[in-house]
Amino acid sequence: MRVPLASSAAPSSPEEEQLDSSAVFKREFRYVWNSLRRLGVHERDLEDVAHEVFVRVHDQLPLFDATRPLKPWLFGLALGVATNYRRLARHRVDLVAELNEVSDPRGAADEALLQRERAALVHAALQSVSLEQRAVLVLHELDGCAIPEVATTLGLALNTAYSRLRLGREAFRTAFRRLAQKRGYR
Amino acid sequence: MRRELPSDPLLLLREDAAPSPPADAEARVASRLAASLAGSSSVAGAPVTPKSSGGTAKVLAERFVRWSVVPLGVGVALGAGGQALRGGGELLPQPATPVASVVAVVASAPVISVEVAPEPAASSAAVSSAPSAAAKNTLSAERNVLDRARKRLAADEPLEALTFLEQHSQQFPRGQLSEEREAMRVNVLVLLGRVAEAKARGEAFVARYPSSLMGSSVRAALRSGDAQK
Chain A
604 MRVPLASSAA PSSPEEEQLD SSAVFKREFR YVWNSLRRLG VHERDLEDVA
654 HEVFVRVHDQ LPLFDATRPL KPWLFGLALG VATNYRRLAR HRVDLVAELN
704 EVSDPRGAAD EALLQRERAA LVHAALQSVS LEQRAVLVLH ELDGCAIPEV
754 ATTLGLALNT AYSRLRLGRE AFRTAFRRLA QKRGYR
Chain B
23 MRRELPSDPL LLLREDAAPS PPADAEARVA SRLAASLAGS SSVAGAPVTP
73 KSSGGTAKVL AERFVRWSVV PLGVGVALGA GGQALRGGGE LLPQPATPVA
123 SVVAVVASAP VISVEVAPEP AASSAAVSSA PSAAAKNTLS AERNVLDRAR
173 KRLAADEPLE ALTFLEQHSQ QFPRGQLSEE REAMRVNVLV LLGRVAEAKA
223 RGEAFVARYP SSLMGSSVRA ALRSGDAQK
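Residue numbers (this note's numbering), protein chains in the order written: chain A, 604 to 789; chain B, 23 to 251.
Everything hinted at is true.
Under the rule of at most 16 Å between Cα atoms (straight-line distance), these lysine to aspartate or glutamate pairs were calculated in the EDC-like manner:
no.: 1; chain 1: A; residue 1: Lys785; chain 2: B; residue 2: Glu26
no.: 2; chain 1: B; residue 1: Lys173; chain 2: A; residue 2: Asp662
no.: 3; chain 1: A; residue 1: Lys629; chain 2: B; residue 2: Asp46
Away from chain A, derived, C-beta distances all over 10 Å, residues of chain B:
no.: 4; residue: Ala156
no.: 5; residue: Asn159
no.: 6; residue: Thr160
no.: 7; residue: Ala163
no.: 8; residue: Asn166
no.: 9; residue: Leu181
no.: 10; residue: Glu182
no.: 11; residue: Glu188
no.: 12; residue: Gln192
no.: 13; residue: Gln193
no.: 14; residue: Phe194
no.: 15; residue: Gly215
no.: 16; residue: Ala218
no.: 17; residue: Glu219
no.: 18; residue: Arg230
Simulated DEER-style distance windows between Cβ atoms:
no.: 19; chain 1: B; residue 1: Ala163; chain 2: A; residue 2: Ser733; range: 38 to 46 Å
no.: 20; chain 1: B; residue 1: Ala39; chain 2: A; residue 2: Pro665; range: 30 to 38 Å
no.: 21; chain 1: A; residue 1: Asp713; chain 2: B; residue 2: Glu182; range: 55 to 63 Å
I should point out that these hints are in silico values taken from the structure, not numbers from a laboratory.
Bear in mind that the values here come from a model prediction, so they are computed numbers and not experimental data.
The beta-carbon is built from N, C-alpha and C at its ideal position, and this holds for glycine as well.
Starting from the given sequences, assemble the full structure and let the hints guide the process.
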């Protein structure tokens with residue numbers, strides 16, 4: 604099975620434009636990994652769940668519409684697997700506990716530590732956004748997908764996609780401010 | 023200590039840098055994929071090609087080549103490490119029911135004994151210089167049965183999945199994918215509510231495959247279950 608990577612990567616040589624599932628794995632492992640992380644898969648389970656995603660990539664690549672960008676398609680597969688994963692209550696992340704593991708704000712003196720804590724705050728706030736809103740938020744704000752592409756990827760009506768983006772943004776802002784306040788930010 | 027943040031948190035979200043996966047995570051997943059897809063018709067699509075440069079890529083290539091021959095049953099004696107890796111690729115039939123979590127659920131159930139057919143030790147694997155076509159065909163047949171079980175499990179049809187697992191047990195009581203079968207069986211039994219049997223199977227799995235890639239997570243789940251008692 605060979606499909607062009609479409610717009611998921613910078614233009615490359617002709618021989619690199621045709622990729623099979625092996626090439627997709629090599630090029631997009633990190634993207635899938637981080638997408639799963641943002642979709643709420645716990646660090647300890649990321650390898651298992653990423654493995655499952657790429658099994659699906661292998662199985663479904665022949666069905667991929669090569670005229671579409673690859674990353675949103677991969678995100679859709681990752682979302683499906685992550686949704687199943689999250690159905691189990693025991694997989695829900697304890698946000699407060701995870702955030703506390705990152706750093707102690709009173710001791711956060713150096714810039715690197717502050718950056719790590721900010722990243723942890725962003726991640727924790729993102730985890731508090733509902734999965735359906737978060738999928739739109741991540742695809743649009745982090746992956747740079749235009750909303751029409753987001754809607755196509757997730758099988759949503761355009762208005763629904765815009766609505767989820769708006770609600771997701773607001774949910775993220777609210778969660779972030781609440782978490783940041785607890786951590787001593789203003 | 024109070025610190026400043028941007029007025030709009032979305033600015034921080036947009037700047038969020040995706041962290042790199044842990045070292046060797048890509049190689050581990052690649053090797054599991056190789057094992058998972060070994061029996062499929064398009065195994066060539068598995069992530070086999072190493073990166074063009076870099077130490078990690080070299081390790082990935084070496085591991086893949088070494089590990090991928092194990093599920094193909096070519097008779098290369100790899101020892102316990104290879105045996106563990108062989109089963110690691112399919113120990114997660116579907117993400118909703120990873121083995122570790124399942125074992126955690128059933129850990130509080132009473133222990134019952136489960137008779138398990140003896141399996142040849144990894145270190146006793148036969149050594150031969152060339153792959154056996156028969157071994158490949160057998161592995162492919164095993165894989166087909168387990169694939170059916172996995173698909174039924176993914177479709178929330180655990181009873182049908184168990185049927186295929188039982189079929190595998192009967193056809194391949196000492197099959198190359200027995201480790202994978204037993205891990206999946208734990209999942210299925212829990213989904214069917216047969217938690218005591220699932221717990222016993224889970225413990226038998228840990229005992230039989232102490233160096234399995236999934237063993238650490240299974241044992242961790244068992245410890246977690248014990249702590250809740």
